[in-house]
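Undergrad: Protein sequences, first through last, are from chains C and Y.
Under our numbering, the residue at position 16 of the first sequence is numbered 16, and the numbers go up by one with no gaps.
Under our numbering, the residue at position 164 of the second sequence is numbered 164, and the numbers go up by one with no gaps.
These are calculated hints, taken from the structure and not from any lab test.
Keep in mind that this is a model prediction, so the values were computed, not measured.
Virtual Cβ for every residue (Gly too), placed ideally from N, Cα, C.
Some hints could be false.
To give a feel for the contact side, a few chain C residues facing chain Y, derived at Cβ under 7 angstroms [as the list claims (entries may be wrong)]:
hint, residue
1, Met1
2, Ala3
3, Ser6
4, Lys11
5, Arg15
6, Val56
7, Gly95
8, Trp96
9, Gln100
10, Thr101
11, Gln105
12, Lys106
13, Asp275
14, Val276
15, Gly277
Read off the chains here:
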Amino acid sequence: MIASFSAESLKARKRWANWILIGILLAWILLLIYLTFFLVVTLSPKSIQGPIPASVLKRRLFPENFVPSVLNAGSSIGAAIMLIFGALSTASEFGWLTVQTILIQKPTRAAVLGGKLLLLGVATLLVGVAMFAAAALASYAAVTLDGSSSAWPTLEVMLKGFGALVLQLAVWTAFGAFLGIAFRSAAAAIGGGLVYLFVGEALLGGLFRNTPIVKEVLKFLPGINADGVNAAFPVTIRDTGATTQLVSTGRGVLTLLIYLVVFSILSLLIFQRRDVGGS
Amino acid sequence: MAQAFAVETHGLTKRYSTGVLAVDNLDLRVRTGEVYGFLGPNGAGKTTTLRLLSGLLRPTTGSATVAGAAPGSPASLARMGAMVETPAFYPYLSGRDNLRVVAGYASLPKSRIEPVLKQVDLTDRARHKFKTYSTGMKQRLGVAAALLKGPDLLILDEPTSGLDPQGTIEMRALIKELKQGGRTVLLSSHLLNEVELTCDRVGVIAKGKLVAEGTVDELRARSGGIALLVRATPLDQARRLLESLLKPEQVRVEAGAFVLSVDPSQAASINRRLVSDGIDVSELRISEQSLEDLFLQLTENPPGVTG
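So here's chain C without its partners, still in its complex pose (with noise of 0.2 angstroms):
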């Protein structure tokens, strides 16, 4: 497996696709979660300013708020992203057939799938070290640039968010890696994807988040739980558009263990038993 891992980051620190996909998550963080937002707020007349005043609402961009703000970002953007880079990993496999490439190596197939997934859960890891780093330095600079002053989260609550942001995101990475094998398409995977995290999560669990029996199918779902771990760290001003968590942040986090291990199981499962070309 540690084969399999060396092969695999050479490919992923070599394919621009990946960096595109942290670059397009890093200025998404930077420039429209902190830099847009705290023009708009500190920039529009007071006229057009909503019932909480600018000074209160920038506060939302300042340090004491940077892992609330991460982690929405990590269930948002960030989730979309991962499930790409996932499904870009195993699905290119089938597009360009290099998975026949490989299988005819020494490794096992168990190997093979083990050296990726390892690969995966670092780079994770060093894309939620990453959006920390970003999210950490543009709430400082929010708070310098306004001359106000605003206390850093404890490092107990900065690790906490941490684990909780790159939990997220490897559920995300699995689900992609897991659609990339099972529909063999890069195109299949990324487009189910995103259409099942922003019209069958999102849309549709906001729409029907009251039905009785909708509410009860939500529970089960990776964003709605990934949202009961992010109710954990609160902004510290009134958050008007928050919504009641359908699920608590416990269950929240052991849901998300539970994907986490049955997507890598079930892409473990297809890619061990299927069979690779041919019709």
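Please arrange chain Y on chain C, whose structure you already have, making use of the hints.
TA: This is chain Y only, laid out in the frame that chain C set:
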């Protein structure tokens, strides 16, 4: 390699989930150290067989031993190199980096890469991306990847497919070179001429079944011996004479010429008789079509295969 056979299959059968029977009860034996040509028309089951031998597909029934172990097992894969169907590499990586990836999976030292690049004459283009390679360069990189392990058994699927004449000649020379040192080479092709030029023995597959196997000469003999092609006029007079000299079933007419199923050593005496009877002989040579005839006969209407 201690085994008598580098590849041995028993009743190997592959039926896809779509119901297509691609390989049907195949018994194949490739001797250690030989170049074995796996010959058949497109869709005959060659690539499916090679996928089965590489462990990419699992057989529906039957068994196989490849390089002394079960197909697809680490023990088998460690001793074989293969290029199945098409050279498949990462388009965004250079040729050299692609080999680094392959070497990584196979737990091989990077020092193996430069010698194989040199062997397939790809050193100068090794730093360029795979997606910029010509068909011939892709094929050569495929062979290089298959050679990385220094395998006892080399499986090459249609190695000259898509190559221009110069590339085909170079690939044939490379295959002959690869045989040196006792390496076994199993190559598939739908080109009769190719296996004739490169292979020690040939197996002909049609509709998933092995319909003939032997050396090229053995297959020729099976087709009725090496034939003589005679072009003579007047045609009717020549036919009467030839049928009186030989058995009628040894004489047939194809495209205005006689194809005689006789030993080529009889060429001089046949020529003398024709000329002495006042028949003009404009062409007399060993027929190069006999093996092709057998190939067509075997693959278009294989014995024991219906439908």
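Undergrad: Look at each hint and say if it fits the structure.
TA: To see whether the hints hold, each was checked on the structure:
1. Met1: 11 angstroms, violated
2. Ala3: 4 angstroms, holds
3. Ser6: 5 angstroms, holds
4. Lys11: 6 angstroms, holds
5. Arg15: 6 angstroms, holds
6. Val56: This hint is violated: C:Val56 lies away from chain Y, its Cβ roughly 48 angstroms from the closest one there, beyond 7 angstroms.
7. Gly95: Violated: closest Cβ of chain Y sits about 10 angstroms from C:Gly95, beyond 7 angstroms.
8. Trp96: 6 angstroms, holds
9. Gln100: 5 angstroms, holds
10. Thr101: 5 angstroms, holds
11. Gln105: Nearest chain Y Cβ about 4 angstroms off; hint holds.
12. Lys106: Hint holds; C:Lys106 Cβ to chain Y Cβ min 5 angstroms, cut 7 angstroms.
13. Asp275: 5 angstroms, holds
14. Val276: 4 angstroms, holds
15. Gly277: Given a least distance of 5 angstroms, the restraint on C:Gly277 holds.
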